[in-house]
Amino acid sequence: MSSTVIQNQTLIEGEFTQNVRNDSADRILGMVSYFKDNRIWDIKDPLDNLKWDSVNFHIPSMSKYFPIDYKNSFRKSQNWIGYVTEVYPNSFKAKIQDANIQNSTYEDAEFDFEDIENEDKKLIKLGNAFYWSVGHEIRRGTLSKQSIIRFKRLPKLSSADFDEAIDLAEDLNDNINWD
Amino acid sequence: MVYDKPKNDLAEITLIGTGGGYGESCVIHYGNDMWAVVDSCENPNSKECLPLSYLRKIGVDVNNDVKLIVCTHWHNDHILGLSKLFSECGNAILCYGKANDRKKFLTLVALDYQKIKDEASLSSTTEFVACLKIARERKLQVKNAIADRLLIKDDKIPASITSLSPSDFVIEQFDSEISTLIKDYGSPEKKIVLQHPNDKSVVLLLEIGCHKILLGADLEVSSDNRKGWLDIIDHSEAVRNKKSTLFKIPHHGSENGFHDRIWLELLEINPIGKLTPWNRNQGLPESEMVKKYLEKSQSLFITSPIILNKKPKDRDRSTKKLIEFFNKKVFEVKYKMGIIRSRIELDNASATWQVSYDGEAFEIPKVA
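In order, the protein sequences belong to chains C and W. All residue numbers for the first sequence refer to the working numbering, where the first residue is 6 and numbers rise by one. All residue numbers for the second sequence refer to the working numbering, where the first residue is 3 and numbers rise by one.
Check the hints yourself; a few may be wrong.
[To be verified] List of simulated lysine-lysine pairs, PhoX-like, C-alpha gap at most 25 Å: (1) C:Lys150 x W:Lys331; (2) W:Lys214 x C:Lys100; (3) W:Lys315 x W:Lys336; (4) C:Lys100 x W:Lys9; (5) W:Lys9 x W:Lys155; (6) W:Lys298 x W:Lys214; (7) C:Lys127 x W:Lys214.
[Unchecked claim] Some chain W residues judged to face chain C by a derived CB distance under 10 Å, without partners named: (8) Asn102; (9) Lys106; (10) Arg138; (11) Ala240; (12) Arg242; (13) Asn243; (14) Lys245; (15) Val335.
[What the hints assert, rightly or not] Take a look, some chain W residues computed to stay more than 12 Å from chain C by CB distance: (16) Pro8; (17) Ile95; (18) Val131; (19) Asp150; (20) Asp156; (21) Asp170; (22) Gly361.
What the hints contain is simulated information worked out from the structure, not anything from laboratory work. Note that the structure is a prediction, hence the values are computed from the model and not measured. Glycine included, C-beta positions come from ideal geometry on N, C-alpha and C.
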């Protein structure tokens with residue numbers, strides 16, 4: 006088992022079982038790409054045998070998925086969560102919210118398709134979410150600017166999720182005083 | 003503007019705007035300390051629900067005296083903060099546009115909620131589900147708005163609020179849209195994106211004492227008179243021969259929210275016009291439309307200026323440079339809160355609207 010150090014966090018590659026609270030389990034499943042410690046993390050292969058109180062998951066080697074070598078220092082970053090609002094032939098518009106400061110005004114931005122990795126291009130659809138991060142990387146003593154855009158992979162709803170949704174719909178239908 | 007509660011014999015229509023993007027809301031006093039709120043909006047910096055803050059500021063007992071909350075349509079700029087408002091208004095009936103197959107509609111909402119419930123700050127679905135859960139706990143009525151439906155009535159004042167849309171045709175179209183969305187829902191990447199939500203907007207006719215007011219929501223004009231404004235003009239019985247003296251201009255004064263027949267058949271000559279701008283994309287209203295609305299209104303008020311030269315958000319110099327290096331098309335959506343309040347004596351037919359405003363709001367001057 007090897008480990009990758011990201012700032013003060015140690016991310017260990019391999020298979021894990023971790024007991025977590027329900028909401029944490031949901032978060033792990035829900036955010037296949039997500040922010041933590043000023044980074045976009047991209048756990049792509051959550052295993053199928055998931056339970057609400059126990060999550061088995063696989064953290065692949067980061068270098069496999071990231072253009073940036075995270076063993077090097079990445080500083081002064083600005084992060085956003087964005088939503089696609091309009092799609093054009095070669096670009097898309099998005100509403101982006103500062104991930105560093107939650108209570109703040111949002112921004113409108115336009116991105117060219119060429120700025121998006123090929124495997125993410127199929128995800129440029131109305132309403133889809135993505136993460137955008139810009140910062141400076143120091144690599145072998147050389148400072149360079151970095152920008153990463155990763156589209157969020159929404160989780161496939163499990164049968165438990167479906168059941169929960171159907172239960173909620175029935176509950177609201179049966180227990181609201183509809184006029 | 004003095005922030006005080008109106009006397010029982012005064013009607014009040016207060017439009018709150020944020021500059022586009024953070025929502026708009028209309029607060030209504032229909033007499034005798036009875037209030038209704040149409041849509042909701044937020045201060046993005048504090049997440050404060052603006053209609054709720056306004057009502058509290060003027061001393062309204064929101065828990066008891068707000069009787070009706072209407073969600074005109076399912077767009078973020080009309081729903082932000084709605085669950086906070088509803089949770090504080092313990093006596094309010096919630097109202098939104100109808101779906102014929104309610105169970106199917108709720109299933110779609112619940113599926114979407116299941117997928118995106120960790121994105122509370124950005125999802126109208128989460129806000130909507132929170133409202134329904136409150137309604138479930140309270141056992142208070144939830145009403146569905148349709149064309150020509152009386153939502154609330156008080157014979158003593160007298161006062162009533164009637165929905166004039168969505169039309170039967172639009173509701174049928176929505177049913178078919180729901181079926182398609184549910185069928186396509188299996189894909190992990192699929193998110194619910196409603197088609198033409200403005201078509202489903204709830205337009206309201208307020209009849210308060212001697213006065214009539216038309217709140218246009220975001221309803222647009224279609225060439226098909228089974229939907230949009232032409233459906234109301236050609237088919238509504240509730241609004242027939244009832245001309246309003248105050249008009250909340252639909253859809254930020256856009257061209258597709260305008261039709262001469264609205265101004266000829268639904269409004270008195272030279273009504274008071276109020277609108278909120280939309281400071282995203284090319285911005286609304288466009289200058290040609292402002293001219294048109296000025297010609298048609300006695301006075302025209304807007305909750306904040308139309309911002310044409312957009313700027314990046316203020317950050318430290320090195321971050322700004324970094325952002326500009328990668329993307330020159332990143333602009334802040336400014337928060338510009340404005341309030342336009344209009345009051346009138348309920349039972350005086352010859353009374354005129356007394357308009358005052360605060361924040362970024364102003365009266366658009368007529369150009370000579």
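Does the structure break any of the earlier hints, and which numbers would those be? 2, 4, 7, 8, 11, 12, 13, 14, 17 and 18
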